[in-house]
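Asks: Chain by chain, the residues:
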Amino acid sequence: MQKRFFSAGFPLSNILRTTLLLVLLTGIAGAQTVYKQGKAPAREGEQPLRVIMVGAHPDDSEVKGGGTAALWAEQGAEVMLVSVTNGDAGHQSQGGGALARRRAAESRRSAEILGVSWRTLDIHDGEVVPSLRAREAVMRAIREWQADIVISHRPNDYHPDHRYTGQLVQDVAYMCAVPNLCPDTPRLEKNPVFMYFADRFKKPNPFVVDVAVDVDRVMDKKWGSIDAMESQMYEWLPWVAGYLDEVPKDKAGRFKWLKEWRGPRMLGWTDRGRDILINRYGKEHAEQVKFAEIFELCEYGHQPSHEELWELFPK
Amino acid sequence: MRKMNFIIKHALTGVFLAAFLLLAAYQPSAAQTVYKGGKAPAGESNGPLRVIVIGAHPDDAEGRAGGTAALWASLGAKVQFVSVTNGDAGHQSQGGGALARRRAAESRRSAKILGVSWRTLDFHDGELVPSLEARSAVIRAIRDWKADIVISHRPNDYHPDHRYTGQLVQDAAYLVIVPNICPDTPRLEHNPVFMYSADRFRKPYPFIPDVVVDIGAVIEKKIAALAEMDSQMFEWLPWIGGRLSNVPEGKKERFEWYRQRRFRARKGRENSYYEQVAARYGKARAQGVQFVEAFELCEYGRQPDREELWELFPK
Numbered sequence: 214m215q216k217r218f219f220s221a222g223f224p225l226s227n228i229l230r231t232t233l234l235l236v237l238l239t240g241i242a243g244a245q246t247v248y249k250q251g252k253a254p255a256r257e258g259e260q261p262l263r264v265i266m267v268g269a270h271p272d273d274s275e276v277k278g279g280g281t282a283a284l285w286a287e288q289g290a291e292v293m294l295v296s297v298t299n300g301d302a303g304h305q306s307q308g309g310g311a312l313a314r315r316r317a318a319e320s321r322r323s324a325e326i327l328g329v330s331w332r333t334l335d336i337h338d339g340e341v342v343p344s345l346r347a348r349e350a351v352m353r354a355i356r357e358w359q360a361d362i363v364i365s366h367r368p369n370d371y372h373p374d375h376r377y378t379g380q381l382v383q384d385v386a387y388m389c390a391v392p393n394l395c396p397d398t399p400r401l402e403k404n405p406v407f408m409y410f411a412d413r414f415k416k417p418n419p420f421v422v423d424v425a426v427d428v429d430r431v432m433d434k435k436w437g438s439i440d441a442m443e444s445q446m447y448e449w450l451p452w453v454a455g456y457l458d459e460v461p462k463d464k465a466g467r468f469k470w471l472k473e474w475r476g477p478r479m480l481g482w483t484d485r486g487r488d489i490l491i492n493r494y495g496k497e498h499a500e501q502v503k504f505a506e507i508f509e510l511c512e513y514g515h516q517p518s519h520e521e522l523w524e525l526f527p528k
Numbered sequence: 003m004r005k006m007n008f009i010i011k012h013a014l015t016g017v018f019l020a021a022f023l024l025l026a027a028y029q030p031s032a033a034q035t036v037y038k039g040g041k042a043p044a045g046e047s048n049g050p051l052r053v054i055v056i057g058a059h060p061d062d063a064e065g066r067a068g069g070t071a072a073l074w075a076s077l078g079a080k081v082q083f084v085s086v087t088n089g090d091a092g093h094q095s096q097g098g099g100a101l102a103r104r105r106a107a108e109s110r111r112s113a114k115i116l117g118v119s120w121r122t123l124d125f126h127d128g129e130l131v132p133s134l135e136a137r138s139a140v141i142r143a144i145r146d147w148k149a150d151i152v153i154s155h156r157p158n159d160y161h162p163d164h165r166y167t168g169q170l171v172q173d174a175a176y177l178v179i180v181p182n183i184c185p186d187t188p189r190l191e192h193n194p195v196f197m198y199s200a201d202r203f204r205k206p207y208p209f210i211p212d213v214v215v216d217i218g219a220v221i222e223k224k225i226a227a228l229a230e231m232d233s234q235m236f237e238w239l240p241w242i243g244g245r246l247s248n249v250p251e252g253k254k255e256r257f258e259w260y261r262q263r264r265f266r267a268r269k270g271r272e273n274s275y276y277e278q279v280a281a282r283y284g285k286a287r288a289q290g291v292q293f294v295e296a297f298e299l300c301e302y303g304r305q306p307d308r309e310e311l312w313e314l315f316p317k
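Those protein sequence lines, which keep their order, are chains A and B. Positions 214 to 528 (this note's numbering) are the ones given, in order, by the first sequence. Positions 3 to 317 (this note's numbering) are the ones given, in order, by the second sequence.
Only chain A is shown next, with the shape it has when bound in the complex (with noise of 0.2 Å):
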């Protein structure tokens, strides 16, 4: 729906361009746009802004970004996430290219729920090392989406394949940058904000949060496609933490389980990210506010000061 209103003739991409022009005169420049009118802020030549989100595993980018994804596609951005593994060791009896593929198809259905693209680089579940051959294809997942934003996970986390998709990310900020390095793939002119997915880890530094999101409004959404990844919500994941058998059969029964058992976790990024609800939102929306995404700055990549991030960032 949003997407049509970029299309050249109607009248509010007129509004956008003197809206542009008038910002460009006052002399800020870079993410110049705003989110009035329920649209995502455009890059340069008016075209959708680009996020891509890269998760170490098929379901991260669902879990810690899923609802600001939805919303950002909801208002006209592109959205891809990509899966640095293909989760082909996250079953308790199945497994290899089976199980990728399997996870591949839940990811598809997820992404469609929001209204994202999806890919994966096909690196092994429980075998990335930030070689430089990974490094590599994250580089050119991200030059070949010609990313504005790019979310990963911080390179302290529970999971090796986390930290180091965190490692790898940040390796490619500048990079992407430098035509020298993977040549066969266009660099990118605009070096891109990259960011941080929330963690509970304080070792060297705890999670700072940058930008709250309130994803309330798509959190049917979010829900959906979480409850898409069924090998990950109702085998795996319940098995291995050891309470397969609490989980219910019938399909009602077990997204109602899955609500409760994953909603407590999310509670705990809207506590985090009050007092930036409140800069962004104002207080009275704020204090209303139930699910809420958060989100740090990586010192690497472009630094667009927090007035300038909050109005990258869907509101």
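No wet-lab data here; the hints were simulated from the structure. Keep in mind it's a predicted model, so treat the numbers as computed, not measured. Built from N, CA and C at the ideal position, the CB exists for glycine as well. Among these hints, one or two may not hold up.
[Stated by the list, open to error] Derived, one-sided and incomplete: chain B residues facing chain A with beta-carbon distance under 10 Å:
| id | residue |
| --- | --- |
| 1 | Gln-94 |
| 2 | Asp-127 |
| 3 | Tyr-166 |
| 4 | Phe-203 |
[As the list claims (entries may be wrong)] Simulated crosslink set (EDC-like; lysine to aspartate or glutamate; CA at most 16 Å straight-line):
| id | chain 1 | residue 1 | chain 2 | residue 2 |
| --- | --- | --- | --- | --- |
| 5 | B | Lys-148 | B | Asp-186 |
| 6 | A | Lys-528 | A | Glu-497 |
| 7 | B | Lys-253 | B | Glu-277 |
| 8 | B | Lys-205 | A | Asp-423 |
| 9 | B | Lys-205 | A | Glu-509 |
| 10 | A | Lys-503 | A | Glu-459 |
| 11 | A | Lys-472 | A | Glu-459 |
| 12 | B | Lys-205 | A | Asp-433 |
| 13 | A | Lys-469 | A | Glu-459 |
[Claimed, not checked] Residues on chain A that point at chain B, a partial pick, calculated with CB under 8 Å:
| id | residue |
| --- | --- |
| 14 | Val-391 |
| 15 | Pro-392 |
| 16 | Leu-394 |
| 17 | Leu-510 |
| 18 | Tyr-513 |
Based on these hints, arrange chain B on the given structure of chain A.
Replies: Same frame as chain A, now just chain B:
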């Protein structure tokens, strides 16, 4: 005849005694010495102090420690700059071996101005990983130079080559004294002091200026040395920064352009070290200090106290 012999004998003894006393007074043990008489303190081998600065690219050592190196060299210390990579990706239209050779020639001209020696470990630019191969190359370079002081990057910085160079040098701290590691190259008998050059990154923790050096006396030398890196200062760095069109045509003009930029860019940043400058140089002098290089003591390697550390660095 006999009288003559007696006189000669005693005269000679006197000369030897005087020489011995002079030597004893003049050749103090390793690090207790001072920069009295404008001389660098002796190194562990009792010859001149030996310093190795290990940067990721040709221009990193020059940019972060060029002034301190020039001061050390003028005081009699032996300084070597090492570029771990050969810089063969740092250009918008050139690359590979041809670019590496060009940058080696630039670096040698630059080193000559500063009075230091130069070498590269010849790894590909943009592809440095903390491999054993690279670690061994770094260990051998430090040993070959018989370094008393090693200066490199911190393992957090915007460029992965910087981060991994920092990690490799950290990995060499201690191993340089272990004879069974790289047994082809004689071990160092004393673990050097390892230092980090300054950067602006805050996570996981910010840079701590343990030593600051007023490089005002050699700033023109430093700028001239950096300006020898044509491929970087007048081509690649302006290009990737999106301001290539600002670079003047003529050799003299572009040098002056670059010089002015250095003066402008440096000033503001170095005020942040005012406290440290005042502590080392006194408040009266600190007021007039414009150009500073700062270094942090690495926790690995020899751990001198602050007083000793300050005596090792030129003043």
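Asks: Each hint needs a verdict: does it hold in this structure or not?
Replies: Hints, verified against the model:
1. Gln-94: Gln-94(B) check passes; min Cβ-Cβ to chain A is 6 Å, inside 10 Å.
2. Asp-127: 7 Å, holds
3. Tyr-166: 9 Å, holds
4. Phe-203: Status holds, d = 5 Å.
5. Lys-148(B) - Asp-186(B): Holds, at roughly 15 Å.
6. Lys-528(A) - Glu-497(A): Answer holds: Lys-528(A) to Glu-497(A) is near 15 Å, not above 16 Å.
7. Lys-253(B) - Glu-277(B): 38 Å, violated
8. Lys-205(B) - Asp-423(A): Given that 16 Å is the threshold and the Cα spacing comes to 14 Å, the pair holds.
9. Lys-205(B) - Glu-509(A): 12 Å, holds
10. Lys-503(A) - Glu-459(A): Given pair Lys-503(A), Glu-459(A) is violated - Cα atoms ~26 Å apart, limit 16 Å.
11. Lys-472(A) - Glu-459(A): Cα-Cα ~14 Å, so holds.
12. Lys-205(B) - Asp-433(A): Outside the cut-off at roughly 36 Å; violated.
13. Lys-469(A) - Glu-459(A): 12 Å, holds
14. Val-391: 6 Å, holds
15. Pro-392: Hint holds; Pro-392(A) Cβ to chain B Cβ min 6 Å, cut 8 Å.
16. Leu-394: 5 Å, holds
17. Leu-510: Since chain B brings no Cβ nearer than about 10 Å to Leu-510(A), farther than 8 Å, the hint is violated.
18. Tyr-513: Tyr-513(A) check passes; min Cβ-Cβ to chain B is 5 Å, inside 8 Å.
Going through the hint list in order, the structure does not satisfy hints 7, 10, 12 and 17.
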